[in-house]
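Let's have the full structure, built from the sequences with the hints guiding it.
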Amino acid sequence: MGHTATPPQGAGGLTATEHRLANGLRVVLSEDHQTPVAAVCLWYDVGSRHEVQGRTGLAHLFEHLMFQGSAQVSGNGHFELVQGAGGSLNGTTSFERTNYFETMPAHELELALWLEADRMGSLLHALDEESMENQRDVVKNERRQRYDNVPYGTAFERLTAMVYPEGHPYHHTPIGSMADLDAASLEDARTFFRTYYAPGNAVLAVVGDIDPEQTLAWVEKYFGSIPAHEAKRPPRDGSLPDIIGEEKREVLREEVPSRALMQAYRLPHDGTRGADAADVALTVLGGGESSRLYSRLVRHDRSAVAAGFGMLRLAGAPSLGWLDVKTSGGAEVADIEAAVDDELRRFAEEGPTDEELERAQAQLEREWLDRLATVGGRADELCRYAALFGDPQLALGAVGRILGITREEVRAAAAERLRPDNRAVLVYEPVAAADEQDHQNEVEETGQ
Amino acid sequence: MSGADAPEGTTMEFHPQPAGGAPKPWAFPTPERATLANGLTVLRCHRPGQEVVAVEVCLPAPLDAEPEGLDGVATIMARALSEGTDKHDAEEFAAELERCGATLDAHADHPGVRVSLEVPASRLPKALGLLADALRAPAFPDSEIERLVNNRLDEIPHELANPARRAAKELSRELFPAGSRMSRPRQGTEETVERIDAAAVRAFYEAHVRPATATAVVVGDLDGVALDAALADTLGAWTGSTAEPLPVPPVTADDAGRVVIVDRPGAVQTQLLIGRVGSDRHDRVWPAQLLGVYCLGGTLTSRLDRVLREEKGYTYGVRAFGQVLRSAPDGTGAALLAISGSVATDVTGPALQDLWQVLRTLAAEGLTDDERDVAVRNLVGVAPLRYETAAAVAGTLADQVEQELPDGFQGELYARLDGTGTVEATAAAVRAFPADRLVTVLVGDAAQIADPVRELGIGEVKVVSGS
Numbered sequence: 007m008g009h010t011a012t013p014p015q016g017a018g019g020l021t022a023t024e025h026r027l028a029n030g031l032r033v034v035l036s037e038d039h040q041t042p043v044a045a046v047c048l049w050y051d052v053g054s055r056h057e058v059q060g061r062t063g064l065a066h067l068f069e070h071l072m073f074q075g076s077a078q079v080s081g082n083g084h085f086e087l088v089q090g091a092g093g094s095l096n097g098t099t100s101f102e103r104t105n106y107f108e109t110m111p112a113h114e115l116e117l118a119l120w121l122e123a124d125r126m127g128s129l130l131h132a133l134d135e136e137s138m139e140n141q142r143d144v145v146k147n148e149r150r151q152r153y154d155n156v157p158y159g160t161a162f163e164r165l166t167a168m169v170y171p172e173g174h175p176y177h178h179t180p181i182g183s184m185a186d187l188d189a190a191s192l193e194d195a196r197t198f199f200r201t202y203y204a205p206g207n208a209v210l211a212v213v214g215d216i217d218p219e220q221t222l223a224w225v226e227k228y229f230g231s232i233p234a235h236e237a238k239r240p241p242r243d244g245s246l247p248d249i250i251g252e253e254k255r256e257v258l259r260e261e262v263p264s265r266a267l268m269q270a271y272r273l274p275h276d277g278t279r280g281a282d283a284a285d286v287a288l289t290v291l292g293g294g295e296s297s298r299l300y301s302r303l304v305r306h307d308r309s310a311v312a313a314g315f316g317m318l319r320l321a322g323a324p325s326l327g328w329l330d331v332k333t334s335g336g337a338e339v340a341d342i343e344a345a346v347d348d349e350l351r352r353f354a355e356e357g358p359t360d361e362e363l364e365r366a367q368a369q370l371e372r373e374w375l376d377r378l379a380t381v382g383g384r385a386d387e388l389c390r391y392a393a394l395f396g397d398p399q400l401a402l403g404a405v406g407r408i409l410g411i412t413r414e415e416v417r418a419a420a421a422e423r424l425r426p427d428n429r430a431v432l433v434y435e436p437v438a439a440a441d442e443q444d445h446q447n448e449v450e451e452t453g454q
Numbered sequence: 195m196s197g198a199d200a201p202e203g204t205t206m207e208f209h210p211q212p213a214g215g216a217p218k219p220w221a222f223p224t225p226e227r228a229t230l231a232n233g234l235t236v237l238r239c240h241r242p243g244q245e246v247v248a249v250e251v252c253l254p255a256p257l258d259a260e261p262e263g264l265d266g267v268a269t270i271m272a273r274a275l276s277e278g279t280d281k282h283d284a285e286e287f288a289a290e291l292e293r294c295g296a297t298l299d300a301h302a303d304h305p306g307v308r309v310s311l312e313v314p315a316s317r318l319p320k321a322l323g324l325l326a327d328a329l330r331a332p333a334f335p336d337s338e339i340e341r342l343v344n345n346r347l348d349e350i351p352h353e354l355a356n357p358a359r360r361a362a363k364e365l366s367r368e369l370f371p372a373g374s375r376m377s378r379p380r381q382g383t384e385e386t387v388e389r390i391d392a393a394a395v396r397a398f399y400e401a402h403v404r405p406a407t408a409t410a411v412v413v414g415d416l417d418g419v420a421l422d423a424a425l426a427d428t429l430g431a432w433t434g435s436t437a438e439p440l441p442v443p444p445v446t447a448d449d450a451g452r453v454v455i456v457d458r459p460g461a462v463q464t465q466l467l468i469g470r471v472g473s474d475r476h477d478r479v480w481p482a483q484l485l486g487v488y489c490l491g492g493t494l495t496s497r498l499d500r501v502l503r504e505e506k507g508y509t510y511g512v513r514a515f516g517q518v519l520r521s522a523p524d525g526t527g528a529a530l531l532a533i534s535g536s537v538a539t540d541v542t543g544p545a546l547q548d549l550w551q552v553l554r555t556l557a558a559e560g561l562t563d564d565e566r567d568v569a570v571r572n573l574v575g576v577a578p579l580r581y582e583t584a585a586a587v588a589g590t591l592a593d594q595v596e597q598e599l600p601d602g603f604q605g606e607l608y609a610r611l612d613g614t615g616t617v618e619a620t621a622a623a624v625r626a627f628p629a630d631r632l633v634t635v636l637v638g639d640a641a642q643i644a645d646p647v648r649e650l651g652i653g654e655v656k657v658v659s660g661s
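Read top to bottom, the protein sequences are chains A and B. Per the numbering used here: the first sequence ends with 454, consecutive numbering throughout. Per the numbering used here: the second sequence ends with 661, consecutive numbering throughout.
Keep in mind that the hints were calculated from the coordinates and are not lab data. One should not assume that every hint holds.
Examples of chain A residues toward chain B, derived with CB under 7 Å [said to hold, decoys possible]:
hint	residue
1	N82
2	F85
3	D154
Okay, the calculated beta carbon distance ranges per label pair [claimed, not checked]:
hint	chain 1	residue 1	chain 2	residue 2	range
4	A	S80	B	G615	25 to 35 Å
5	B	P628	A	D307	31 to 41 Å
6	A	Q40	B	V574	13 to 23 Å
7	B	K281	A	E253	18 to 28 Å
8	A	D134	B	R554	26 to 36 Å
9	A	D134	B	H209	19 to 29 Å
10	A	G159	B	D336	29 to 39 Å
11	A	V437	B	A558	28 to 38 Å
12	B	E606	A	E414	55 to 65 Å
13	A	V437	B	P443	37 to 47 Å
14	B	H209	A	E414	51 to 61 Å
15	B	E606	A	Q40	16 to 26 Å
This one's a predicted model, so the numbers in the text were calculated from it and none came from an experiment. Think of the CB as a built atom: it goes at the ideal place given N, C-alpha and C, for glycine as much as any other residue.
This is how it looks when you write it as structure tokens:
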């Protein structure tokens with residue numbers, strides 16, 4: 007049995023105990039009886055960074071296959087049983103992990119544990135060519151709907167490819183390419199399962215209106231007999247220099263509604279103080295309507311309709327800071343770029359004011375409280391810290407760490423990272439539909 | 195890691211599927227209702243553990259009240275509420291809000307304007323003060339209004355480029371009579387937005403925004419918050435005259451079966467939006483309709499996705515839903531009933547054929563008792579999950595206010611769903627989506643999809659330009 011923590015200040019009442027089964031499955035429990043609901047969240051330490059060349063998108067396609075039945079669960083049974091019990095469920099795949107989660111009325115918790123254990127232990131009993139072909143088509147339609155058929159839809163994919171070089175495990179995004187999705191075989195999926203879907207490669211969090219002793223007994227009963235296996239291969243090395251070393255730039259002429267300027271920067275790894283400082287810096291610069299870039303571009307220069315920074319925290323490679331500016335009227339990208347550089351330079355010299363720091367920290371604190379507002383959100387955070395950093399208790403101090411960041415740390419993060427030689431720049435110039443085809447071919451060639 | 199590798203071929207020990215335990219009681223919360231001295235109605239609801247408090251303010255300023263030719267003025271007014279007050283200019287106001295860790299959003303829809311505040315409980319009194327300033331004494335400076343108008347004009351091409359938004363715009367234009375506000379975009383067109391200035395915004399505000407007709411909903415962990423005192427100092431200090439509710443015309447629509455293709459040469463998918471109007475929440479059939487429409491297309495195990503996604507792989511997902519446009523006890527309201535999703539371009543014809551087959555089979559054979567039971571267990575069972583957060587509870591309470599429903603509506607809805615049988619649910623779903631009375635909008639590559647769609651016989655096909 008693990009230790010119980012008293013919730014520290016700002017942890018939103020979060021507590022956690024840790025346990026480990028003999029087969030290696032790590033278990034995190036967190037009790038909270040305010041609402042009769044319970045969340046089950048299972049993180050497998052496998053994401054798109056584990057994929058090999060020619061098989062991009064496999065981790066995500068595989069996630070879909072996890073909903074196609076297992077030894078005791080037929081076809082769509084996973085969805086049918088959870089929804090029929092008044093629960094909700096889903097799975098997601100990112101660079102670094104794949105997660106599966108169910109939120110259940112508290113009295114149906116045991117069903118969710120049984121279902122997760124069944125597919126962890128016996129997916130290959132049910133996996134067949136028919137579900138593989140079907141879900142391949144579904145995922146290809148997911149790619150079309152979310153990326154290929156929307157304006158600017160492939161921007162993130164292009165920026166990622168510039169920030170993480172060819173051959174790097176984060177060079178491609180989790181959705182993968184159409185060609186690789188077409189190439190994936192049933193045998194690839196089976197091998198993927200045998201390699202990564204092992205109890206020792208997963209963290210299970212159960213959060214909410216639970217009886218910890220009973221819950222642990224159920225976990226032992228359903229997961230305990232799943233054989234341990236250690237086939238996992240570590241992801242390819244994700245280490246990179248802190249700084250890209252040059253500005254990478256791509257200009258796209260596409261049928262988009264307006265010009266756009268996007269930039270992506272390499273930032274410190276998640277789990278470090280530097281990542282928290284960078285998060286605060288991006289919030290001061292582009293995290294809301296009082297942020298510096300919004301004030302400058304949208305309010306004062308009136309050259310942009312929207313301007314904001316986002317951060318993708320990554321543990322196994324440098325994190326990514328992403329600026330997205332859509333131009334207003336006939337504004338030129340060059341003028342916007344000059345204004346952005348001006349603001350970044352000034353911020354790297356001055357750092358934030360006391361008030362700016364206070365505002366950014368207050369915003370980040372509320373975002374954290376929002377994530378802790380549901381049992382599912384809490385379960386996911388506990389899994390994250392357990393899977394990526396080896397210790398779920400770290401989740402309890404996350405807000406405190408953000409609130410402890412100083413002005414000087416924020417300034418330094420900006421000075422070290424938000425520089426022209428550490429970014430990929432993507433510029434969109436709109437063209438009429440008829441002209442687009444030619445240019446897309448050009449871009450493809452440049453890309454190879 | 196502990197545990198030795200298992201010998202090859204060893205498998206887990208299987209156990210039978212567990213039966214659930216006894217459900218724990220849960221009920222949709224009943225708010226406490228009060229009226230402040232200035233006439234403002236306040237609904238409050240204590241939700242233990244919810245540290246982020248949600249406040250929703252409903253202003254009965256419907257889109258129908260926008261002056262002729264000024265579509266979008268309600269939207270610009272809603273956005274301008276946070277662009278400066280009698281105490282702070284626009285930038286200071288944004289800074290003060292963010293200092294509270296708060297978010298403030300406002301938007302205009304057919305029933306009225308909604309202002310939504312979310313803030314950690316410890317900073318609720320201060321944020322309520324800012325919210326009250328925005329409602330009580332917005333500055334509406336000329337230059338900020340001009341910027342918001344330009345911003346809105348900039349947004350329009352982005353919306354038209356988005357296949358789902360483009361489809362929604364076209365469906366409204368087809369479905370509702372030309373003179374009706376519902377036929378036109380909620381946030382205005384280039385032509386109407388261009389005409390909006392600070393004077394128009396102020397006039398709209400003065401005509402429709404006042405405490406006596408407004409309602410504030412406050413939900414969250416209110417332990418340790420002196421809410422009465424905070425309200426008295428903030429929203430309680432807002433003054434204004436009383437006003438009669440505005441009469442609005444009943445919703446009517448032309449649902450003669452037909453197809454409009456919005457041409458997007460080269461599109462890799464076709465966006466579908468198939469709809470008509472039907473019963474809203476004041477209609478007795480609502481629970482049966484909710485249930486029946488869920489069985490048709492509420493989730494990926496519903497009839498539509500069972501075929502279109504899980505059997506054929508034509509789509510990432512297609513959903514059927516009922517979205518209230520406006521709802522009132524006198525029966526003048528309506529809900530948009532629609533099926534929406536996107537399918538690969540080359541299978542557009544076959545996907546629509548399957549979709550219509552699902553509708554015809556439903557009409558011919560009805561739902562099964564099993565389908566009905568699973569759907570009820572889901573719709574009722576997910577309530578405690580769905581309403582975990584303060585924002586979710588506040589949103590539903592505010593919808594009820596806007597739709598002139600009693601505070602207990604949502605709670606009673608669960609009991610009514612429990613009492614709805616398979617036959618009623620089938621009848622409601624078939625009535626909601628009759629195969630020959632649906633307006634279909636397809637945003638996609640006309641050269642590839644128009645002929646296959648014509649062959650389906652689901653109505654006359656018209657092609658319009660996508661630009």
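For each hint, the structure was consulted:
1. Because the closest C-beta pair between A:N82 and chain B is about 5 Å apart, less than 7 Å, the hint holds.
2. A distance limit of 7 Å between C-beta atoms decides the matter here; for A:F85 the minimum to chain B is near 5 Å, and the interface restraint holds.
3. Satisfaction of the interface hint for A:D154 is found here, the shortest Cβ-Cβ separation to chain B being roughly 5 Å, below the 7 Å cut-off.
4. One distance hint, 25 to 35 Å for the beta-carbon pair A:S80 and B:G615, holds here, with the actual separation near 27 Å.
5. Here the CB-CB span from B:P628 to A:D307 is close to 53 Å, at odds with the stated 31 to 41 Å.
6. At roughly 20 Å, the beta-carbon separation of A:Q40 and B:V574 lies within the given 13 to 23 Å, and the hint holds.
7. Separated by about 44 Å at the C-beta atoms, B:K281 and A:E253 break the suggested range of 18 to 28 Å.
8. Between A:D134 and B:R554 the C-beta distance comes to about 31 Å, which sits within the given range of 26 to 36 Å.
9. The hinted window of 19 to 29 Å between A:D134 and B:H209 holds, with their beta carbons roughly 24 Å apart.
10. Distance hint for A:G159 and B:D336: a CB-CB separation of about 38 Å, consistent with the stated range 29 to 39 Å.
11. Remark: the range hint 28 to 38 Å for A:V437 to B:A558 is contradicted by a beta-carbon distance near 50 Å.
12. Taken as a hint, the range 55 to 65 Å holds for the pair B:E606 and A:E414, whose Cβ atoms sit roughly 58 Å apart.
13. For A:V437 and B:P443, the Cβ-Cβ distance of about 43 Å falls inside the hinted range of 37 to 47 Å, so the restraint holds.
14. Roughly 57 Å separates the CB atoms of B:H209 and A:E414, a value that falls within the hinted 51 to 61 Å.
15. Between B:E606 and A:Q40, the C-beta spacing of about 24 Å keeps the proposed range 16 to 26 Å intact.
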